[in-house]
Structure formats: structure tokens, C-alpha cells
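As given, the protein sequences belong to chains E and D, one line each in that order. If you're matching positions, the first sequence starts at 0 in numbering that gives the first Met the number 0 and goes up one per residue. If you're matching positions, the second sequence starts at 0 in numbering that gives the first Met the number 0 and goes up one per residue.
FYI, nobody ran anything at the bench for these hints, they're computed from the structure. Check before you lean on any hint, since a few could be wrong.
Only pairs whose alpha carbons sit at most 25 Å apart, straight line, appear in this in silico DSS-like list of lysine-lysine [to be verified]:
(1) 77(D) with 165(D)
(2) 3(E) with 40(E)
(3) 79(D) with 49(E)
(4) 168(D) with 77(D)
(5) 45(E) with 22(E)
(6) 7(E) with 49(E)
(7) 65(D) with 22(E)
(8) 35(E) with 3(E)
(9) 65(D) with 165(D)
(10) 22(E) with 3(E)
(11) 79(D) with 65(D)
(12) 77(D) with 10(E)
(13) 77(D) with 22(E)
(14) 71(D) with 165(D)
(15) 79(D) with 22(E)
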Amino acid sequence: MAAKPRIKLDKKEVKKGDLVEVKALVSHVMETGLRKDADGKVIPRKILNKFICTVAGQQVFAADFETAISANPYIQFKFRAVESGPVVLTWTDDDGSTIVGIESITVS
Amino acid sequence: MFASARFVANTSAINYMLVARGNCEMSAHASFTRRHALALGAGALGAAMFGASPALAKNDAAEAIKTFTGGKTPIEGKIKLDLPEIAENGNTVPMSLSVDSPMTEQSHVTDVLVVSDENPRSGIVTFHFSPASGVAEANTRIRLNATGDVIAVAKMNDGSVYMATKQVKVTIGGCGG
Chain E
0 MAAKPRIKLD KKEVKKGDLV EVKALVSHVM ETGLRKDADG KVIPRKILNK FICTVAGQQV
60 FAADFETAIS ANPYIQFKFR AVESGPVVLT WTDDDGSTIV GIESITVS
Chain D
0 MFASARFVAN TSAINYMLVA RGNCEMSAHA SFTRRHALAL GAGALGAAMF GASPALAKND
60 AAEAIKTFTG GKTPIEGKIK LDLPEIAENG NTVPMSLSVD SPMTEQSHVT DVLVVSDENP
120 RSGIVTFHFS PASGVAEANT RIRLNATGDV IAVAKMNDGS VYMATKQVKV TIGGCGG
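Whole structure, please, built from the sequences with the hints as guidance.
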């Protein structure tokens, strides 16, 4: 169900202090809890409400998503490369489950 | 003859789109009329209804900003908020935001709140930055229910608060919230 997120770093081998751009797309319904189905019943809310990106264990960016984020949320941001390590992107669902995507960078 | 056939195909496509998208809460009672208006091809009427929607009271955007800033009045500036002037599809509106800041330990942006004053729920997203971000920039895609303002409020580490507003005209609402 939880499809693999698509993550793209604009460069993977960088000099210390360079900015790295991250683009990530994950497939998710982002159901608002405001819509009704054909029988007029409210479709319960189900969204990814939290996004965190850590690089080599340090948090570089985070976002709290509300229901006004489009389905299949796309996020693009930058971080300053300091040390080599895994780039871990974590999305947290309303039901507590997480979607995790991992890339890595090498800093010279 | 040909033209009218195409017209029918078009309107039924719009109709299908609306049905597929389900009912917005705010239009639970109005959706039928709206769908009809569109089906009739009365685009202008449809737009007028979107614009008017008096049933949809302003949400708690102002309150959300107040809570976020801790009662401080934000100063205009420092934030660049990019959104299309006209969003044809309110379901995915590309939004790009950047805040002018050196992003050093001494001076950086900590949080940026983005709200809409026309969505059923005001909150859109909150970004959290740190000096490790290097630059306070983020792009995402948002839902907008109706023509209205999108407001971004940025909090700096020294406690100062900045804001930017951008009006977006929405043609087809994104059942946002």
C-alpha cells in the first residue's frame, strides 16, 4: 500500500557547504475528511501529517502537512551539505505508519 | 452539428470530474446546482457562484496566525510567496516559498506557517527550518477551495515575524481544507 517514495537529489557528490536540492514525491490519497462518498457518508480523514528530512542524523528540514496539501504530496527543499551520510525522508501517516525513503550523499 | 457534439462531450467530462471528486463539505447542498450550472455550460454563472458562496464563512486563519506569532503583528516583507494568479484546478496548486535570511546560527528562519483564508480549514502547511537547511526555501502543491488569499508567516530565531500575502483565483475548487 505504502508505495516507495520517489526522491531526487540534484547532486550526490558535493563539496562541503554546497546546497543540495531535494525533490520528493510520495503517493498518498491525502483524504481530507471533508468529502462524502456516494451514500453521503463522510470519508474519514487520512493524510500524511508530518514530514522530516535528516542528513547524517541531523534534521535539516521538516514540515507539518495539513489537509490542504494535494494528494500525492510533492515537496522540494534544500539543505546545506556538511557531512557524508544517509539522507532519510520520513512521512508520518495519521494512523501512525511511516513511509521512509533513503538516499545518500558524499561530501568531499 | 460537430461543434455541438463536442460541447456535449466536454460538459459530460466536467460533470464526471466533479462526480469523481466527490462532494465538498461546503457544497453539500450547493453541489447539485453547481454541477447543473456547469453542465449547462453556464461558466459565468458557475464562476459567480464560486465567488459568492456566502455560506462559506471565513475560517480561523487570523486566529491561526495569532497563535503562531504569539500575538505579535507580522511585518510585511522578507518572504517571497509564489503562486499562480489563476489556478484552474484547486486540487493541485504549485506553491513556492522562500524567505530572505542568511540562515546562520545568529540569524535564521525557524518556522513558516502557510494558511488560506477561504479553505474550510485554514492550515495548509508549516515548514520548519534550521541553520542546517542552508536556505529557507520550499515548494509543494496545495489545495485551494475558492478564490482567496494565501498568507505565509515566517518566524525568525530572534522572535521577529514577517508575512506575505498572495491572492489566487480558483476556477475549480479543490475541496480543500
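Evaluated hints:
1. Proximity of residue 77(D) to residue 165(D) is assessed by CA-CA distance (about 14 Å); at most 25 Å being required, the pair is judged to hold.
2. Restraint check for residue 3(E) and residue 40(E): the C-alpha separation of about 30 Å exceeds 25 Å, so the hint is violated.
3. Straight-line distance between C-alpha atoms of residue 79(D) and residue 49(E) comes to about 23 Å, which keeps the hinted pair within the 25 Å bound.
4. A C-alpha spacing of about 24 Å is found between residue 168(D) and residue 77(D), which places the hinted pair at or below 25 Å, so the restraint holds.
5. With a C-alpha separation of about 23 Å, the suggested pairing of residue 45(E) with residue 22(E) holds against the 25 Å cut-off.
6. Taking the CA atoms of residue 7(E) and residue 49(E), the gap is near 19 Å; set against the 25 Å cutoff, the hint holds.
7. Annotation: proposed proximity of residue 65(D) to residue 22(E) is violated, straight-line Cα distance about 31 Å (limit 25 Å).
8. Between residue 35(E) and residue 3(E) the CA atoms are separated by roughly 28 Å; this puts the pair beyond 25 Å, and the hint is violated.
9. With a CA separation close to 19 Å, the supplied pair residue 65(D) and residue 165(D) stays within the 25 Å bound.
10. Restraint check for residue 22(E) and residue 3(E): satisfied, since their Cα atoms lie roughly 14 Å apart, inside the 25 Å limit.
11. A C-alpha spacing of about 21 Å is found between residue 79(D) and residue 65(D), which places the hinted pair at or below 25 Å, so the restraint holds.
12. Of the supplied pair hints, the one linking residue 77(D) and residue 10(E) is violated, its CA atoms being roughly 28 Å apart against a limit of 25 Å.
13. Restraint check: the Cα-Cα separation between residue 77(D) and residue 22(E) comes to about 24 Å, which is no more than 25 Å; the hinted pair holds.
14. With a CA separation close to 21 Å, the supplied pair residue 71(D) and residue 165(D) stays within the 25 Å bound.
15. Of the supplied pair hints, the one linking residue 79(D) and residue 22(E) holds, its CA atoms being roughly 19 Å apart against a limit of 25 Å.
Hint violations for this structure: numbers 2, 7, 8 and 12, all remaining hints satisfied.
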